Amino acid sequence: MEVKINKENNVTTVGLIGRLDTPASQDVSNELEPIMADASGTIVLDCSEMSYISSSGLRIFLSLRKAAASQGGKIIVKNISDDIRQVFMMTGFLNLFEIE
Amino acid sequence: MAISENIKSAVRKSRGTGLLLVVVAAVTLEATMLVQYFSSQRLLRQEASLRAESELRATRNQILDIVDQAEAAVHNSVWIARWCLDYPDSLAVVARRIVEENPSVMGSTFALVPGYDKNHPLFAPYVCRTDDGSLELKTLATEEYDYPSQEWFTEPLNYGIGYWSEPYIDTGGGDVLMTTYSVPVMDETGRVAAVLTADISLDWLTELVGNVRVYPNAFSVLISREGKIMVSPVAELNMQTSIQEYAPGAKDTAHFNMLADSMLAGKSGNVVLEQRRRERTYVFYAPVEKTGWSMAIVIPDSEIYGEIRRMGLLVTFLMLVGLGMLVFILTTAARNQLKYAEVNEKKERMEHELQIGHDIQMSMIPKTFPPFPERKDIDMAAVLVPAKEVGGDLYDFYIREEKLYFCIGDVSGKGVPASLVMAVTRSLFRTVSSHETSPARIVTLINESMSDMNDNNMFVTFFCGVIDMHTGHMRYCNAGHNPPLIFTNKVAWLPVLPNLPLGVASGVAFQEQEVEIGYDDALFLYTDGVTEAENAAHEQFGEARMEAVLHTRRSALDQLNAMRESISAFVGDAPQSDDLTMLFIHYLNDMQPDATERHLVLHNNIKQIPQLADFIETIADEMHLDQALAMSLNLALEEAVTNVILYAYPEGSDGLVDIEAIMGRNTLRFIISDSGKAFDPTAAPEADVTLGVEDRPIGGLGIFLVRNIMDVVSYERTDGKNILSMTKRL
Chain A
464 MEVKINKENN VTTVGLIGRL DTPASQDVSN ELEPIMADAS GTIVLDCSEM SYISSSGLRI
524 FLSLRKAAAS QGGKIIVKNI SDDIRQVFMM TGFLNLFEIE
Chain B
867 MAISENIKSA VRKSRGTGLL LVVVAAVTLE ATMLVQYFSS QRLLRQEASL RAESELRATR
927 NQILDIVDQA EAAVHNSVWI ARWCLDYPDS LAVVARRIVE ENPSVMGSTF ALVPGYDKNH
987 PLFAPYVCRT DDGSLELKTL ATEEYDYPSQ EWFTEPLNYG IGYWSEPYID TGGGDVLMTT
1047 YSVPVMDETG RVAAVLTADI SLDWLTELVG NVRVYPNAFS VLISREGKIM VSPVAELNMQ
1107 TSIQEYAPGA KDTAHFNMLA DSMLAGKSGN VVLEQRRRER TYVFYAPVEK TGWSMAIVIP
1167 DSEIYGEIRR MGLLVTFLML VGLGMLVFIL TTAARNQLKY AEVNEKKERM EHELQIGHDI
1227 QMSMIPKTFP PFPERKDIDM AAVLVPAKEV GGDLYDFYIR EEKLYFCIGD VSGKGVPASL
1287 VMAVTRSLFR TVSSHETSPA RIVTLINESM SDMNDNNMFV TFFCGVIDMH TGHMRYCNAG
1347 HNPPLIFTNK VAWLPVLPNL PLGVASGVAF QEQEVEIGYD DALFLYTDGV TEAENAAHEQ
1407 FGEARMEAVL HTRRSALDQL NAMRESISAF VGDAPQSDDL TMLFIHYLND MQPDATERHL
1467 VLHNNIKQIP QLADFIETIA DEMHLDQALA MSLNLALEEA VTNVILYAYP EGSDGLVDIE
1527 AIMGRNTLRF IISDSGKAFD PTAAPEADVT LGVEDRPIGG LGIFLVRNIM DVVSYERTDG
1587 KNILSMTKRL
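For the record, the sequence lines run as chains A and B. According to our numbering, the first sequence is numbered sequentially starting from 464. According to our numbering, the second sequence is numbered sequentially starting from 867.
Source of the hints: derived by calculation from the structure; they are not laboratory data. Treat the hints with care, since some could be wrong.
[Said to hold, decoys possible] Part of the chain A face toward chain B, derived, beta carbon under 8 Å:
| id | residue |
| --- | --- |
| 1 | Val466 |
| 2 | Ile468 |
| 3 | Ser517 |
| 4 | Arg522 |
| 5 | Ala532 |
| 6 | Arg548 |
| 7 | Leu559 |
Note that the structure is predicted; figures quoted are calculated from it, not measured. All C-beta atoms in this analysis are idealised placements derived from N, C-alpha and C, irrespective of residue type, glycine included.
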């Protein structure tokens, strides 16, 4: 799992590439800690290259969302595949995130 | 227990009708009896009158015969006597001739009027019959006798015709009752010259009249012209008393006087004399001409009506007995009617209640077939036909956590008691099997409950089975029930251990058995109502006929219908004698031990999760599953395995996770097992996916995803292992 973080103005774009399974989630969680610490701006999660997500991946998404909510930030989820959209739908995440 | 009012009033009405009937019957009978009584009385009176009159007539005729003879004897001698007047010595000859020629004449005298013959101022030769039959000549011309003043002499002279004297006792010839007929004899100049007589004895009269007995207690009385009682049953009165003297002492004097007057006046008729209360005497009387006598026949009315009175009493008695019986019959009928009405109402109520009982009983057992329309791995049918409204047979089944729990049972006895035990047994089965998976445990627990409260010594033969729908592994326990038939590549009896039936004794250790059920195998369970169904000739349906029906493979429902038809055809019109219950289980799970299996064993290291992805990918490829399904299967499996890796074993210790994939024709099943601490993920609370960001917990989504992705998830802790089974229908 590869994570690309790109800050531009007040927008932080996080590119998630590969499978966000349980072991990957532990790494990703560590990498995203700084972003979570300062979540007052807009965070775009680019999922165009994310092929899989497990519940631990969903936890990262939810943690980010909570951080943003508490700090006045904003989370935008971009380009999720149909399969992952199914998972989002199943878990009620479609209602929690702004999805583009 | 209140009997409805309309029945009561109907019975009251019928009681009223009954009373009326009794009264009408009584009046009719009484009236009939009275009419008959009075008409009989009239007829009897007529008959008595006829009999009395005819007796009177006959007696009178007999008397007159003798009287006529005497008169004739005298009259026939008058002309000779006239010739003899001038020869007084010949007078005795005339008298003798009269006596000689007439046996009824006892004596005769030829008495000259005093002074008719100058030589014989008094002259009366008398010839009479002596005791030895010879004739004796006497003279009545004695000073003591003074015949010219005697009645027999004066009266004919006074009247100038023949005269019958009053009866008298002849003291001269031996105290004989006599009467004398005397006629005046004129000489040629027409002067009255003499009196010629004939005495007749009246002894025969006493006998004749005394023997007139119209009725046993009736009697006859003969009185003379002057009223002297000549013949009567009372000897002291005879020739001593006259009717006139008797009259003042008689009862009902007024009528007696009338009777006496009529008799003395020579009339005939009848009189009723009141003797005492309700007792009368009928007196029929008629004159005996010439002599001036009168004869009476006296009949007490008890003689006339005695028979009819006895009959009347008998009829009255019979009538009372009849009425009594009528009252009894009507009362009994009314009571029976009431009882019948009560019984009928009770019966109807009981039938109604039994119908409700039937409905309740039927609602306790699954009756919708196919019972699991969404499942392709099982085809089931069952039927329960109670012999009466309610019965003691039972069956039940349901699927819990991919295990089919089923049972069949037969309560000893029939009817309501059996149905109650049936209901209890079925409830216990549901309750106990809801938390027990072992048939032996289920049976043992039901038996303990039933033995504790089984005061009526009722028992239940019972078969309980649990089939793992995934593996076809069946565990079962038979408590004294008929062994089921199992259909594999052949038909055979399922081997069963000889356990006691339920409810016989507590503390029984029931033995469990097991068998593998394969794809397309079937089980047929039944109660003895099937094999013991009897036809009119008392032949039993039997196991051979039962197996013959099962030989043909059909759907479960068709199989049972075919069996019912076969039984009906065999039994014919004979009534169903026992409850009849059948259960058919056709196992159609194609995911069999021979299905393709894949194995993966992981250590409790989260880094090994990617191996799981590869494992799933291989299977998905092999089974040609699409990408989306493969991904969701991966997700569910990862969540379940992660759970084990992270939590089953103590931190830092090494443990394994076994993942088995069974690739069936219609399903894909994963069995995840580990030897870690017991944990049932299916017991975790359901995550609420509708909560907002603030309320939403971070965790808890793993098992939620497993449940949502897989069709069936079940957990089992066996042999120190957690076994989580997850199935996806394809």
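Ala532 of chain A was flagged as interface toward chain B. Is the shortest Cβ-Cβ separation under 8 Å?
Hint holds; Ala532 of chain A Cβ to chain B Cβ min 5 Å, cut 8 Å.
Classify the hint on Ser517 of chain A as holds or violated, based on whether any CB of chain B lies nearer than 8 Å to its CB.
holds, 5 Å
Using the nearest Cβ pair, does Val466 of chain A come within less than 8 Å of chain B?
At about 17 Å, which exceeds the 8 Å cut-off, the nearest Cβ of chain B leaves the hint on Val466 of chain A violated.
Closer than 8 Å between Cβ atoms is the bar; does Ile468 of chain A clear it against chain B? Give me holds or violated.
violated, 22 Å
Arg548 of chain A as chain B interface residue, shortest Cβ-Cβ below 8 Å:
It is violated, given that the least Cβ distance between Arg548 of chain A and chain B is near 10 Å, above 8 Å.
For the hint on Arg522 of chain A, does the least C-beta distance to chain B fall short of 8 Å?
holds, 5 Å
Taking the closest Cβ pair, is Leu559 of chain A under 8 Å from chain B?
holds, 6 Å
The structure does not agree with the numbered hints 1, 2, 6 stated previously, though it agrees with the rest.
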